[in-house]
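A.B. asks: Okay, here's what each chain looks like letter by letter:
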Amino acid sequence: MSDSLSAPQPAGLTGLSGRALLRLVMPTLFAAVLLFFALKAPGFLTVGNLSSLLLNNFVLLAIVAIGMTYAIAAGGIDLSVGTALDFSALTFVLLLNAGFGLYVAIPGGLLAGSLAGLFNAGLIAGLRISPFLATLGTLFIGSNVQKLLSDGGQPIYLEAQVRSGLASERLLGVPLPLLLVALLALVYGVVLARGRLGREIIVLGSQPLVARYSGLAQRRIAALVFIASAFASALAGILLPATVNAYAPMSGNAFLMNAIGAVFIGATLSLHNRVNVPGTLLGVLFLNVTANGLLLIGWNFFWQQVATGVLILSVLLFSFASRRLGAG
Amino acid sequence: MPMPLLSDAFHPRFAQWLLRRGALLAFAAILLAFALSAPNFLTPSNLVNVLAQSAILGSLAFGLTTVIIGGGSNVVSGGLDLSLAANLGLSAAVYASLNNAGFGDVVSIAATLGTGLAIGTLNALVVVGFRLPPLLATLATMNLVAGLELVLTENTVLPSTSPLLEGLAFGSWLGVPALAWVLLAVGGVLIVLMQYTPFGLRLYAIGEYPEAANAAGLSVRGYVFASYLISGLCGSLAAFCSAAWFSGSTTGSGEMLLSVVAIAFLGVIFSQRLQPSIGGTLLATMLVGVLINGFQLLNISSFWVDGVQGVLILLVVALSGLRNKEA
Amino acid sequence: MSTPVLELRGIVKTFGATRALDGASLRVAAGSVHGLVGENGAGKSTLIKVLAGIHRPDAGSLLLDGQPHGHFSPRQVERLGIGFIHQERLLPARFTVGEALFFGHERRFGPLLDRRSQQREAARLLDDYFGLRLPANALIGELSSAEQQMVQIVRALLIKPRVLVFDEPSVALVQREVERLLRIVQRLRDDGLAIVYISHYLQEIEALCDRVTVLRNGRDVAEVSPRNTSLEQITRLMVNREVGELYPKVAVPAGALLLDVRGLGRARAYQGIDLQVRRGEIVGLTGLVGSGAKELLRSLFGLAPPDSGEVRLDGQPLSLRSPREAVAQGVALMPEERRRQGVALDLSVQENTTLAALSRFVRLGLLSPARERHTTLELIERLRIKAPGAHAKVRQLSGGNQQKVALAKWFARCSSLYLLDEPSVGIDVGAKVEIYRLIGELVKEGAGVLILSSDLPELIGLCDRIHVMHRGAIAARFAAGEANSDRLLAVATGAQRAQNEERPFYAYAIAI
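Chains as they are written, first to last, in the numbering used here: chain A, 1 to 328; chain B, 1001 to 1327; chain C, 2001 to 2512.
Bear in mind the hints are in silico, worked out from the structure with no lab data behind them. Please read these numbers as outputs of a predicted model, since none were measured by experiment. Just so it is clear, CB atoms sit at the ideal spot from N, CA and C, and this is done for glycine as well. Check each hint, because a few of them may be wrong.
[To be verified] Some, not all, of what chain A presents toward chain B, calculated at C-beta under 7 Å:
1) Leu118
2) Gly137
3) Asn144
4) Lys147
5) Leu148
6) Leu149
7) Met257
8) Trp303
9) Gln305
10) Gly309
11) Leu311
12) Leu313
13) Phe318
14) Phe320
15) Ala321
[Said to hold, decoys possible] One-sided and incomplete, this derived list gives chain C residues near chain B with beta-carbon spacing under 8 Å:
16) Phe2072
17) Arg2075
18) Glu2078
19) Pro2111
[Stated by the list, open to error] Away from chain C, derived, C-beta distances all over 12 Å, residues of chain B:
20) Ala1033
21) Leu1098
22) Trp1181
23) Glu1255
24) Leu1315
This is chain A alone, in the form it adopts within the complex (with noise of 0.2 Å):
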């Protein structure tokens, strides 16, 4: 039994056409969640709400898993992205407020984020302790830190002069946010699917000891992936608070249940049930798209939260019952 989080799809008994039968079972469900939507929530098809859609949901939910797609094809998850996240965003609000402006904020930001990826690499790569381990202790150490911090949870209001906008800055009529997602995905997509490193990871996630009879640096390429992680989850911790003006303690936990499980509907939108990031993205869109269209039905903020979680655990439930069809 592989011992890896992101076993890909073991070819099967069905063969290619059953798999590909399977494959369309969840770009059907969303078609079919869309077209709902469409037809029944008032204002779910209007510009306004779309865009709303894209840049208040989209954008950090993306960034996040399209970190955490590094960590779950590596074999690992990383329960932490909220830390990064958030001492970033403490970071970004901390030195603004200290008037240091963008050009110092924003490399701080990313910097004190990644630092919480670096700690992960130290523990996984350097003393090889479980990712489930390591990133449950950062995230226990990072929530603490922070209510020691800020007081008991208090949350760090973003001055009035240094607010910058940044988020509703446009480039090119396309909102930066938006961009920098696309951007990130760029990256980090390309490497994973068709870059050296991406190849190590995959390998590394599917038979870890098949990778270290093959001479790969086992130990760098989990660190890279958990500072990759880390890295993703920090971009995001600048966006946030650029958009809502305030650190709030501990935020970013809220990502982390969502980002895990649009990795996963990403995986059962490849061919092998593999992790990649373009699926990713579609996943994030999914989970989006099914609470804002609830919303506008007038199902309240808390079931919302029922009907996402219900779908993810639906999600994982079929792509791993997939997998046991696939293999007879």
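Fit chains B and C to the given chain A structure using the hints.
C.D. replies: Structure of chains B and C alone, referenced to chain A:
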């Protein structure tokens, strides 16, 4: 890259002995430190108070330990139940809601226990039926259950009182608070179950060496299923304690998860044979309880306790760097 | 034979593309020891697993006392009175002896576990049967392999079986323990049990068994009595081919010194190893479990760094702290466990073959699909890998073809030194020949090959020189033509060295 939590390799008896003695010594040292620095620490009433305070975390940790016993301590593919904290939250909310709606003890209690069992069943079906790795499975169910809790409570506190809750919160017998008795009772029953019944022995066999259990004709899936049910039940028992302690249901029960995981894995070090055990977990629970209590008496912020727990978890984890040198 | 206690008739079992059992049969009489022999991949292990209820046969039947029985689970097999002493001990390391003996059929006190009675009974049984006295709280993990096996045997006896199956029981035992084991088996036979005894130590078979069934290519080809059949005859029945046609040996002149090992040592594994491999040479390495041969090979790949000594590759010091370093310096390994360590089953042929040489395929910072595909197709053709295409998942291929993919990965890298660990385990004869041919090609192109194998005829057929290890040292070196299986094994078991020691019991081995 995913590595076993604790080395599945066998440690020589001496190393085990050393580790266990070391842990107990550390515990004793902590007790001593608090006894000297904190007022009233070593009084009997305070000590049983520690037990009472630990009832919630302890009950949850017992449930987690059961699952780990049955699933083996390999963290990715072994047994794990991350939904316990959310289980507590939902079960407490169910109790408070029904109680406040006037449903009376029998219905409220039954529904609460039923909630815990239902969650346990869901976990069991997902892990055993769909063969999802327990890490992912219980992460997903945790998410779902937490969502349901929010629906019920709308993210607010639901105050509630009942004779049961008052009895648990304020009652005592032989000078020992009711909650302390609950902790000891649940622990006691589970110790008997795990150490002194065939079920427990078989569960250990399944967790440690599933191929051997299979060859012995044991239904691995059946026993793992049962372990999740027990865990779910522990969640609802902890919910009663929590509802008594907080006079109703509260928010933020999810934050307990990390402590519960820390305690369950710390319990391995306190156990006889460096394997997950209820007794070891009980000791680990008391250690954390002592820390919380001591810090309270010394007026140190509770955040430091969490910090210490974080360090503890990393310590356990680093010690597990008696790592498996794979082939 | 009167109605045999146990009979397997015409068992067929296929795994994917491999036909492991092709109509195998076995008949065992009560009060007898029935040997089961066969070489690598002949199907012994699979047949036993079918009997044990671990694998479901595609066809065939099981008869007990002449009565047919349907498919069964391990529990049902137990109830039928068939017990197994598997090669793996199957006892949880952290259990006490009492717990390990009784889990699954515990001694109870009402609904509770009667630990004390279990412990007492365990001690009594071990003493009665084997004269073994262990400390009260001994944990399984603290026992030696032989002691664990005794616990395993007692556990099997608890169900009062009529049939007992021993699967390669002497592998991890030293000579003294083996003799004790054989006496135990004889006693059990005298008690009336029907015993199936699988071993690749033929002289054990000769000493112990009343009848022997020979398996070859998944089928029973003969059932003989060791009393009137010599070991050579039995071996020929197992192997059935001319040595020459199996090992396509091409004479290659030895080139420059490639691997130079001097005084290499690793605590508790091996010491004082001096070994050379020249370019164009195939050097063999062999030894029993515990001789240090396996550890030496692993050290040369960076899996278990040596403590002392020097290794040079092409004159340069070879750093062996990790596989990554070894590979970077030109060492390749074909590991023993192909499916776990050799190939990534869920990845495509292409992804596997390019795995060890990824930097060769990078163009403009990314992997070039065109280059990868080109190289893969080249390798598929050259190694004659039978696969639906470059993108087929390796899992779909047969064992032999998977092994070729495992090798192809290094072809792509053009490594200098090839370390092969049991290269022909578990693959059919046709594929073996192919692998041997490929090894020949490797050395023709100037690589050096070091093969670790317990298949002595294979080593004799392929290698220019053979080193035999015994208790951590190289006990003898043979040149091609000097060696035969008897002499090799004599050295491996220490017989050659022994002057005042007892002659070992077994002296002929065909690899399992």
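A.B. asks: Against each hint, give a clear statement of whether it holds in the structure.
C.D. replies: Status of each hint after checking the structure:
Annotation: interface hint on Leu118 (chain A) violated; nearest CB of chain B at approximately 15 Å, more than 7 Å. Interface hint at Gly137 (chain A): satisfied, since its Cβ lies 5 Å from the closest Cβ of chain B, which is below the 7 Å cut-off. At its closest, the beta carbon of Asn144 (chain A) sits 4 Å from a beta carbon of chain B; the interface hint therefore holds under the 7 Å criterion. The restraint placing Lys147 (chain A) at the interface with chain B holds, with a minimum CB-CB distance near 5 Å, inside the 7 Å limit.
Nearest Cβ of chain B to the Cβ of Leu148 (chain A): about 5 Å, under the 7 Å cut. The hint holds. Given hint, Leu149 (chain A) at the interface with chain B, is violated; its Cβ is 10 Å from that chain's nearest Cβ, farther than 7 Å. Interface hint at Met257 (chain A): satisfied, since its Cβ lies 4 Å from the closest Cβ of chain B, which is below the 7 Å cut-off. Using the Cβ-Cβ criterion of 7 Å, the hint placing Trp303 (chain A) at the interface with chain B is satisfied: the shortest such distance is roughly 6 Å.
Given the 7 Å rule on beta carbons, the hint for Gln305 (chain A) holds: about 4 Å separates it from the nearest Cβ of chain B. Against a cut-off of 7 Å between C-beta atoms, the interface hint on Gly309 (chain A) holds, since the closest Cβ of chain B lies about 4 Å away. Here the hint on Leu311 (chain A) is broken, as its CB sits about 10 Å from the closest CB of chain B, past 7 Å. Interface hint status for Leu313 (chain A): upheld, as the beta-carbon distance to the closest one in chain B is roughly 4 Å, under 7 Å.
For the restraint placing Phe318 (chain A) at the interface with chain B, the shortest Cβ-Cβ distance is roughly 9 Å, beyond the 7 Å limit, so the hint is violated. Hint on Phe320 (chain A) holds. Least Cβ distance to chain B is approximately 5 Å, under the 7 Å limit. Because the smallest distance between the Cβ of Ala321 (chain A) and any Cβ of chain B comes to about 6 Å, under 7 Å, the interface hint for this residue holds. Below 8 Å, beta-carbon pairs count as interface contacts, and Phe2072 (chain C) has none with chain B, the closest being about 10 Å; its hint is therefore violated.
Restraint check, Arg2075 (chain C) versus chain B: the minimum CB separation of about 3 Å is within 8 Å; hint holds. For the restraint placing Glu2078 (chain C) at the interface with chain B, the shortest Cβ-Cβ distance is roughly 6 Å, inside the 8 Å limit, so the hint holds. Because the beta carbon of Pro2111 (chain C) sits about 7 Å from the nearest beta carbon in chain B, less than 8 Å, this interface hint is met. Against the 12 Å criterion, Ala1033 (chain B) stays outside the reach of chain C, whose nearest CB is about 33 Å from its own CB.
Under the 12 Å C-beta cut-off, the non-interface status given to Leu1098 (chain B) relative to chain C holds; the minimum distance is some 34 Å. With a closest Cβ-Cβ approach of about 23 Å to chain C, Trp1181 (chain B) is found to remain outside the 12 Å limit, as its non-interface label requires. No beta-carbon of chain C comes within 12 Å of the beta-carbon of Glu1255 (chain B); the shortest separation is about 33 Å. Residue placement check: Leu1315 (chain B) keeps its beta carbon more than 12 Å from all beta carbons of chain C (closest about 22 Å).
Consistency with the previously given hints fails for numbers 1, 6, 11, 13, 16, ordered from lowest to highest.
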